[in-house]
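Number of protein chains: 2
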Amino acid sequence: MLKSITIALNQINNRVADLIGNSALISRHCKEQQNYDLILFPEMSISGYPCQDLWHRHHFVNQSWQQIQQIQSFIGSNSCVMVGSPQLNGNKVYNSIALIDNQQIKKVFNKKSLPNTGVFHEKRHFTPANTISYFSLQGFYFAVLICEDFWQKSNWLLLAEQDVDAVIVLNSSPYSFEKQNKRQNLAKNLVEILKKPLIYLNQVGGEDGLVFDGNSFVFDGEGNKILQMSSFACDFAVIKLDNNGKITIDKHPAGKYIECNLANQYTATVLATRDYVAKKNFTKVVIGLSGGIDSALVANIAVDALGSNNVSAIALPTNFNSSQSFIDAKNCADNLNISLQTINIEPIFQQFLSSLKQQNLSQLATENLQARIRGNILMSISNSTGALLLSTGNKSELACGYTTLYGDMCGAFNPIYDFYKTTVYKLATWRNANNCPISDFIVVNAIPNNIINKEPTAELRPNQKDSDSLPPYPVLDAILHELIEQKKSPQQIKGFDEQLVRKVAQMLCNSEFKRKQASTGTKVSEAAFNLDWIYPTKIFWQ
Amino acid sequence: MLKSITIALNQINNRVADLIGNSALISRHCKEQQNYDLILFPEMSISGYPCQDLWHRHHFVNQSWQQIQQIQSFIGSNSCVMVGSPQLNGNKVYNSIALIDNQQIKKVFNKKSLPNTGVFHEKRHFTPANTISYFSLQGFYFAVLICEDFWQKSNWLLLAEQDVDAVIVLNSSPYSFEKQNKRQNLAKNLVEILKKPLIYLNQVGGEDGLVFDGNSFVFDGEGNKILQMSSFACDFAVIKLDNNGKITIDKHPAGKYIECNLANQYTATVLATRDYVAKKNFTKVVIGLSGGIDSALVANIAVDALGSNNVSAIALPTNFNSSQSFIDAKNCADNLNISLQTINIEPIFQQFLSSLKQQNLSQLATENLQARIRGNILMSISNSTGALLLSTGNKSELACGYTTLYGDMCGAFNPIYDFYKTTVYKLATWRNANNCPISDFIVVNAIPNNIINKEPTAELRPNQKDSDSLPPYPVLDAILHELIEQKKSPQQIKGFDEQLVRKVAQMLCNSEFKRKQASTGTKVSEAAFNLDWIYPTKIFWQ
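The listed protein sequences derive, respectively, from chains Y and P. The opening position of the first sequence corresponds to residue 15 in the working numbering, with each subsequent residue numbered one higher. The opening position of the second sequence corresponds to residue 15 in the working numbering, with each subsequent residue numbered one higher.
Since the hints were made in silico from the structure, they are not lab data. Predicted model, so just to flag it, every value in this text is computed and none were measured. Wrong hints could be hidden among the right ones.
Note that identical chains are pooled: a pair holds if it fits in a single copy or bridges any two copies.
Said to hold, decoys possible - Below, simulated SDA-like cross-link-like pairs (lysine to any residue); rule was C-alpha separation at most 20 Å, straight line:
#1 Lys530 <-> Asn295
#2 Lys202 <-> Ile240
#3 Lys121 <-> Pro485
#4 Lys193 <-> Asp511
#5 Lys265 <-> Glu192
#6 Lys530 <-> Gln66
#7 Lys196 <-> Tyr271
#8 Lys294 <-> Gly235
#9 Lys530 <-> Trp547
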């Protein structure tokens with residue numbers, strides 16, 4: 015007899031540690047989905063991810079688990095629900111999934127493989143399960159993998175021993191460059207072995223530096239992708255599995271899947287910025303708009319994230335700033351439909367110089383002073399208006415220390431802190447030609463060409479150019495990429511001037527103290543400062 | 015026949031990631047100690063501790079291990095040396111000890127128990143050994159425990175199965191409150207079981223937030239402590255073990271052991287400050303001296319750490335600052351024999367207010383503005399003079415957000431960031447009555463009584479008192495201690511006004527974003543911000 019089961023996939027955006035808010039969100043979905051047999055939510059859907067040391071607090075873990083009682087009453091009598099939460103068992107905390115059936119916790123599945131590299135510290139928080147878990151529902155037999163369980167191929171051997179009808183993978187898997195391809199290739203490999211459907215459900219949303227990209231998907235037993243859910247947006251789908259192994263889409267209101275790498279990176283930081291602001295209970299941001307490429311791109315990202323009404327820009331010139339810079343900033347602000355105020359910092363700068371006459375400030379000190387006056391003004395406006403300050407230093411600058419601590423590094427969040435300068439240009443060009451898939455702001459070419467084409471300068475002294483102190487960005491970024499992402503030592507880097515490589519490595523080491531006090535920002539690489547990149551304050555290369 | 019073996023204990027202060035410097039230091043000691051049979055160095059003596067993600071870089075790990083070749087040539091032909099380094103084996107990195115004999119690596123011991131809580135992330139870095147290790151030398155049989163191996167009682171069962179002559183414990187164990195008692199109690203328990211001598215060697219020195227306290231010791235087989243090495247200072251000792259199990263001191267130039275808890279905490283932060291400055295290749299520091307207790311204590315710590323010549327103080331008054339504040343600051347500076355410059359920030363403050371007239375700055379913004387002008391001036395002086403800026407916020411303030419980001423939080427290092435305000439008072443009183451054991455600065459009562467006795471105020475508006483916005487510090491600190499160190503939820507805290515507890519918890523949550531961008535400082539507790547305390551930017555208590 016042909017039997018089938020319906021499975022609902024909830025690609026939700028929850029909020030770290032907001033137990034009551036998250037359980038209300040889950041309850042709402044359960045209530046709306048009473049017609050489906052099995053309703054899935056991502057890993058750690060109740061607590062959010064990552065809760066870090068909150069997961070050590072037994073009161074927090076228990077409070078999270080107790081939310082299941084609230085959720086139960088919203089579940090239809092014919093539905094089963096799988097929901098993620100930390101769980102205390104004796105003195106041990108597990109990364110668990112509860113299977114709720116008939117208003118009761120029928121089964122609990124614990125994560126076996128705890129990731130502990132990059133941004134993951136799960137061995138700090140959880141006890142691993144001994145094995146992976148399975149359950150039966152209406153005659154269907156499922157394997158349950160919790161995120162890293164799926165990535166560890168040793169677990170595949172265990173799976174192959176069981177005759178499952180489908181594999182369910184529940185995730186809180188953050189975006190990084192090409193991550194979606196890696197996931198899908200892995201899923202394809204696993205399906206080739208098992209010849210069974212695979213259901214991959216991820217959460218979506220920004221949490222401090224991390225951004226979960228959603229991008230949930232389903233493969234059938236032949237390795238065809240039958241469902242692709244939205245990138246960087248909430249989504250909902252229902253699939254139907256029958257006892258011949260056939261799996262089909264039952265319901266999927268059109269989602270938006272993003273394939274292009276630049277589009278992915280841009281959209282990632284829009285979502286990360288939007289959620290950072292919203293999840294801290296803010297609505298507005300303020301940006302120092304210099305007329306340079308970095309702040310122009312951040313302004314465009316902010317408008318895509320929050321809308322023009324919620325973004326304001328401040329130009330903070332000194333006498334070193336060219337009038338063209340202001341024109342570029344003004345054009346950019348106009349294109350983005352955001353307000354631009356100008357506050358000339360020269361009188362304040364001169365008053366500092368006068369008050370500090372006896373200190374004989376060095377050239378470096380006077381350059382930093384200008385950046386810090388700007389930081390001070392922007393923070394004053396932020397404090398007065400309740401708008402979060404976004405900082406705008408790119409990864410090349412942060413890597414070299416070409417930024418001023420307590421100056422241009424001021425800010426709650428930095429949308430471009432994991433983008434090298436060369437990528438900043440690519441993203442500006444991309445955004446000028448394309449709209450952002452998750453934004454209502456439908457304007458292209460907002461960043462004036464002059465901003466993209468002119469030579470980069472910090473304008474902290476007359477005729478200053480970045481190229482005075484830094485190698486050309488394509489060279490710099492290539493060297494940095496080998497030092498940072500590829501984890502090479504200076505000696506291992508070939509094809510560049512040796513002395514230049516050593517100089518860049520030295521700049522990277524000498525500026526770690528600045529990055530230690532930097533705001534967080536959108537992670538897009540596998541080596542985002544302070545997230546994947548955890549080093550002593552002074553790194554030595556010998 | 016009575017045989018004996020001499021064992022040299024090197025309580026050294028190395029430097030994180032300075033492979034060449036550390037191996038030169040170790041080589042020097044080996045050369046001087048050619049008369050001893052077994053020469054011990056602490057865990058990770060070549061690489062330093064903690065190297066964090068440098069331990070992931072195979073080139074770094076190999077370079078560290080290769081230093082052993084350099085060291086070998088300095089070892090006497092009758093000596094064996096035990097030295098710590100990361101070690102690459104296949105693709106796995108171990109936390110290892112090399113036993114060098116006859117200019118060769120005779121044996122390698124790998125750490126079995128990898129600590130992964132608090133400030134430790136060793137499961138991120140290392141592969142664990144399957145078991146603990148033993149070796150024979152001149153007919154003596156030793157067990158080797160590497161730090162956490164000693165703390166895990168499951169390992170004691172393994173030890174008890176072997177008939178060792180002595181247990182050698184090699185450590186990089188950072189100081190925290192009462193840690194030394196915990197170590198010695200544990201050692202006593204283990205000796206009671208084994209009835210064999212135990213040799214505990216620790217390193218000494220500050221590394222970013224951590225401070226290793228040395229405090230190495232030796233117990234005989236009856237559980238008597240026969241050797242206690244210095245607290246917070248390098249030290250050297252030789253012990254003699256004979257084949258009747260008798261263990262005696264062969265050589266120990268007088269060390270200084272510190273028992274008093276306040277003395278320990280004060281000395282910890284003096285060493286941490288001294289080493290932070292020196293290990294980043296600086297010599298001088300600058301401090302904003304307000305006339306309040308926090309900056310006065312930091313100034314005294316800085317002078318103890320670096321000497322009066324290397325500390326300069328700046329008073330940065332506005333019209334809100336009382337003349338008494340300046341007199342107190344001046345007296346303190348005079349007592350400490352440090353220079354005090356005064357820079358009135360009022361003209362700069364007024365210029366900011368004038369330039370920002372149209373922004374209608376809020377009261378909060380104008381208060382923060384003053385703190386940020388001070389930060390800006392101090393950083394300008396730091397940039398111009400090459401003196402590191404020390405920040406002076408205490409743990410109570412940091413916990414409540416009673417600090418200004420980019421203002422008084424500016425600085426490379428904060429000697430008191432893990433001391434609650436009530437402890438700040440205790441330490442000031444203690445230091446006024448006692449000299450610091452590791453300092454040449456022999457002056458007591460440097461902190462004027464008026465500073466200790468007056469009511470705390472930030473002086474950011476007329477007649478402001480801390481008690482306007484905060485509960486009395488003894489109450490505040492007691493609540494914070496339960497929330498932070500004891501990891502309680504607001505609901506679990508009894509004996510205080512419920513509303514007050516909730517308010518304090520809320521302040522703690524709301525200010526996490528500030529702490530994320532704070533400088534590091536001396537860890538003395540088991541919950542030092544950013545080190546043991548790793549939380550989402552906004553923590554929820556529900």
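Is it within, between, both, or neither for Lys202 and Ile240, if the alpha carbons may be no more than 20 Å apart? within (12 Å within a copy, 65 Å between copies)
As a check of your reading, is Lys193 near Asp511 (CA-CA no more than 20 Å) within one copy, between copies, both or neither? Result: close neither inside a copy nor across copies, 33 Å intra and 50 Å inter.
When no copy is specified for Lys530 and Trp547, does a C-alpha distance of 20 Å or less occur within a copy, between copies, both, or neither? both (10 Å within a copy, 15 Å between copies)
If the cutoff is 20 Å on CA atoms, where do Lys265 and Glu192 land: within, between, both or neither? Let me know, please. Neither, since 28 Å and 61 Å both go past 20 Å.
Tell me, please, which holds for Lys196 and Tyr271 at an alpha-carbon limit of 20 Å: within, between, both or neither? within (16 Å within a copy, 56 Å between copies)
Cα distance capped at 20 Å. Does Lys294 pair with Gly235 within a copy, between copies, both, or neither? Cα proximity of Lys294 and Gly235: none, with 42 Å in one copy and 58 Å across.
Intra/inter-copy verdict for Lys121 and Pro485 if alpha-carbon distance must be at most 20 Å: neither (59 Å within a copy, 47 Å between copies)
Please work out whether the CA atoms of Lys530 and Asn295 approach to 20 Å or closer within one copy, between two copies, in both situations, or in neither? Between copies only: 18 Å across chains, 25 Å inside a chain, cut-off 20 Å.
Have a look at Lys530 and Gln66 and pick one of within, between, both or neither, based on CA distance no larger than 20 Å. both (18 Å within a copy, 14 Å between copies)
In summary, the structure is inconsistent with hints 3, 4, 5, 8 from the numbered list given earlier, while agreeing with the others.
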